[in-house]
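Order-wise, the sequence lines are chains W and B. Numbering-wise (the numbering used here), the first sequence opens with residue 15 and increments by one. Numbering-wise (the numbering used here), the second sequence opens with residue 338 and increments by one.
These are computed hints drawn from the structure, not numbers from a lab. Given the structure is predicted, the values throughout are model-derived calculations rather than measurements. Careful: at least some of the hints might be erroneous.
[As the list claims (entries may be wrong)] Lysine to aspartate or glutamate pairs mimicking DMTMM-like chemistry, simulated, CA-CA at most 25 Å apart:
no., chain 1, residue 1, chain 2, residue 2
1, W, K275, B, D687
2, B, K690, W, E394
3, B, K460, W, E263
4, B, K668, B, D588
[Stated by the list, open to error] Among chain B residues calculated to face chain W with C-beta under 8 Å, some are:
no., residue
5, A398
6, S404
7, L423
8, R564
9, E577
10, A683
11, K684
12, S685
The beta-carbon is built from N, C-alpha and C at its ideal position, and this holds for glycine as well.
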Amino acid sequence: MTIIHNRPLDDIAETAPTIAGNAFTRAFSGGSLWRLIGMLLLILILGFLTIYPLAMLLYGSLHSTPPGMAGEFNLNGYRSIMTTQNLIVLANTIGISLAKTIPSLTIAVFLAWIVARTDTPFRGTLEVLITLPFFIPPILTAMAWGMLANPQVGVINMVWRWATGATDPLVNIYSYGGVIWHMCQYSIPFLFLFMVDAFRAMDPSLEESSRMCGASRWTTFRKITLLLMLPVLTSSFMLSFIKGIETFESALFFGLPAGIKVITTDIYESINHRATPDYQYATSLSFAIMGLMFLLVIWQWWMLRGKSFQTVTGKGFRPSVMELGPWRWVTFAFCVLFFFITVVLPIGQLMLGSFFRFFGFYTYDMLTLEHYRAVFANSEFWRAVRNTMVLGLLGATATMALGAIVAYISVRTRWRGRNLIDSMAWLPWMMPGMVLGVGFLWAFAMLPGPIPIYGTIWALLLAYIALGTPVSVRVMTGAYHQLSYDLEECSRVHGATWAQTMWRIMVALAWPAFAVGWVLTFFGIMRELSASILLYSVGSETLAVVLMKLWANGNAEQVSVIGLMMMLLVIVFRWVQLSFIKSRISKL
Amino acid sequence: MTTNTSMTSFIQKWSRRFFMAAAGSLAISAAAGMPAFAQDAEWQKVIEAGKKEGTLVLYTALVGQPSTKQIAEAFTKQYGISVEVLEARASEIRERVRVEQAAGRFAADVMFTSEGQTMLYDKEDKSVDPLPATPNSQKIGDKFKLKVPMASVMTIPYGIMINTGLVKPADEPKSWKDIADPKWQGKILSDDPRAIGAGYLWFFSTYDKIGEDYVKKVASQKLVFTRDQRESQRRTARGEYSIYMPVIMTDFSDLKGLPVKFIIPEEGVPYVLYGNVMLKKAPHPNAAKLYLDFMQGPVVQKIYAGLGYGPVLPGMTEGLPADVKAISEAKLYGTTDTTRQNEMLAKSKDIFK
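Only chain W is shown next, with the shape it has when bound in the complex (with noise of 0.2 Å):
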C-alpha cells in the first residue's frame, strides 16, 4: 500500500521544457551538452575529491613502497592480508559493528520518533540535550567512562557495592560491551539526527489512513512509517555500520586492555608501531575491507530500485504528532533516561573535573579554575579556533551544497552517470581515516609544484569536503527521497523557472535536512584528525591537532574545557536551527 512503482522519472527530467537561463541553470535544466558539461564537471570535482586520493592508495597497496620511492609492483600486500587471524579479526570487527548498530539504530529510531513524531512534553529540549555526546571528542568520554565504570573503581561500581553490598563489580567498561557501549554513544545522536527530520517531514495522513481502516498503532509504526523512511534507515544502517567496521578510539581504549582485536587497530600498528611503516599492508587491508562493504551499497540499491517513498506531497503537508495520552509520560522518562544515562554522567564527570586540578580527585583544596585560564591564554588555542571556523563554515557550506546537487541528480533524475557520482560520493566513508589522510598526503604533496595545494589551508579544506560528502549526499539523498514529483511539476507548469523551482521546492522543502547534514559537516570538521595531521602547515593548526597535543602532554582537564566549549556551540547552533525550524513550520 505504501511502496508505489515510481512513475518514470524519465518523463520529468527528460521531458522538461528547455529553459532559457544562464549556463548552470541550463546546464542542470535539460539542455544536453550543457547538462553534459555540468555532469563531467562533478565527475571530475568527486574525481579529485575521492578516486584521486584512493588512486594513490591503490598504488599504495599494490606497490612495494610507497609513492615517491624506488619498488616494484607486486600483489604482496593482499597476500600477506589473507590469513587466518585476519578473517578472525574481521569477523570480530563485523560483530562488534552489527552489535552496536542494530541497538543503535533501534534506539535512535525510537527517539526520533518521539521527538518527530509524538507529544512527549519537552521534545524540543530533549532533542537539543540528547545529541550531545556526539559533539564531544571520543577520548574525553571514553576517559569519563572509564572513571564510571571500571571494575575496581568506577563510581558506578562503588555505589553498587555500596547499595547491594556486592564485591564483584556491575560493570566492566574494559570489555566488549564496553567497546560497544562507547560507540553507541556515537551512533545513536549520529543517527538519531540523521533520522529526526525524515521523520518530522512524513506526512501524517498516511499514518492516519492506516489507522482508520483498523490497524493498530504498532502495525502502522512498522507497515507505514517504518517503511516509509527505508531509505533513510538503510542509508543510516549502512553509515552507521560502515563506521562501526572502521571503528578505533573504542576498541583501542576498551578493547586492548581486555585482548579485543579489531581491524582497525592492525591497521594502525601496521602504520604505527612497525619500525617502518607498512603502508603496502595497511591499504590492501582497508581496500578488502571496501571491496566488502561495496557490496551493502550494493545491496541498498537493489532495494530501494524503483519504489518511492515520497511523503511530501502537493496535498496540504501538515506535520502534526501523535497523541499519545497518558503515554506520552512514559516516552519522556526514556529519553530522560537516556538523557542521564548517556549525557549526565559521562559530561558531567568532564564538567566536574575541570574544576579540579585533577580528574577524580574532587577534594575541596583540588578547587581550580586553571585549567579555564590556561585554555583562553593560549594563543594556539585562539588560532587553531579562528582556522577551525573558517574551514568548518567554509567546508560544511561547500560539502552540504555538493552533497546536495549529487542527491539531486541520483535521486530526481535520470541522468546518465548519476550512480557512478552517487558511488563516488560514498567512497571517502568506506576507507578508514587514518589511511585515507595518507592518501590525501599523498595526493595533495604529489600534485605538479605549481598548484599551491599542499602545505596550505586548502588542502584542509579540500580533505574535508571530501570527507562531508557521504555524509552530506546520504542526508540529502534521504530528504529528496520523500519529496513528491508533482511539487516540482507543480512549480513548473505555475511558470516558475528551473532555478526558481530549485529554491522554493527542493531548497525549501529539504532545508532542514541540509541544516542538520551542516551540523554534522561542521562537527565533523572540527573533531578530524588523521588527514587534519598530516595536512596542516605551519600557522593552520586545527583544533583537533592542538586537542591532541594537548592530551598527549597529559592536559586531559584542559582538553575537557575545550569539549564543553565545543558542546556549548552545538547548543547555540541547534537552538537557532530549531527555532528556525519553528517559526518555518507555523508559517506553513
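Based on these hints, arrange chain B on the given structure of chain W.
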C-alpha cells in the same frame, strides 16, 4: 639463543665504543689541526648567514611539550631567527618528510626525533644530511656522539610508578626484578610491549639485560595493557592499579599532589635518546646549524635537565632540586636497537600473547 643475543649485543657495544673512540679522536685531531680563530671565523660566517635566513622550520615528533616553545623563544632571543614548529607523531611526521622530499618540496630544516627514527630516516628514506661540526657538538658526552647523523640533545628516562595508597612503603618495588614478584599479579598496568613504545622499550632493555626467563615471569603476572601514557598514570593514581610501568619519569612534576610515587629502579632507567637531524636540502641550512648547536648548548641543556630529562652536556644538573636531579642523573639502563626491531617485536608478541 640468549648467549647469541648477548654476544651480538657485546659485539655491537664494542664496535660502537670503538667507533666513538675513533670518531672522537678524529674530531679532536681535526679540531687541534685547525687554529681556534679559523674555527671561530667559520662559525661567525654561519651565524651571519643564519641571521640573514631569518627563519627556521622545525618538525618535531615530541608532541605537546611546552619546552619546545620555550626553547624556540630562547633561540629567537639569541639569534633573532624565528622558529616555525610543526608537531606530529613519529610515523606521521616521518611520512610527511619522506613525501615532501619525494615531491621536491623541501619545507623543513630540522627534525627533532629519536635515535631509532634517525636511523630509518638515514638508511631507508635517505632524507637527512650528514651532521655539521658545531662548537657545542664537540663538548657533549662521548656516549652521545652517534654513528647515525643525529645531534643528541637529551634522554627520556622510564621507570616505575606506584599508587602510594595501594602499595605500602615496605612493599615498594625497588628494581625491575621486583615487578616479577607474584604478589603483583593482576595489579600492574603496563604500556603495551607488543607495539613500538614505552612498553617495548622496557621489554627490549630487560630482555637483553636480565633475560628471557625474567620477561616470561612478568608476562605471567596478568599485565593489563594500555597505550595511553598519560591517562594510564591517572588511572593508577585513581586506584585502578597498584603499579604502572614503564612511566615517563619526567612526568612526576605534573602529578604532584596525587597519591603516586615515581621509582628509579636499581638497575637504571631504560631511555630514548632524542636529538636533531638536518633534513636534506634544508631551505635555511645555516639557521639549522645554529639550532643544532644551540640545542647542545648550556641554555637548552639546562632547560631539559630542569625538567628531569638526561642532558648530553656534562655538568648541567648542578643546583637542581634533589628529586629532579635524581631523575635527570639516573643511570641509563638500555635502549632499543632499530636493526633488531622486527625480531624483538615478534618475540614480544610471542611472549605477551
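To see whether the hints hold, each was checked on the structure:
no., hint, verdict
1, K275(W) x D687(B), "holds, 16 Å"
2, K690(B) x E394(W), "violated, 42 Å"
3, K460(B) x E263(W), "violated, 33 Å"
4, K668(B) x D588(B), "holds, 18 Å"
5, A398, "violated, 11 Å"
6, S404, "violated, 10 Å"
7, L423, "holds, 5 Å"
8, R564, "holds, 6 Å"
9, E577, "holds, 5 Å"
10, A683, "violated, 11 Å"
11, K684, "violated, 14 Å"
12, S685, "violated, 11 Å"
Comparing the model with each numbered hint stated earlier shows that hints 2, 3, 5, 6, 10, 11, 12 do not hold.
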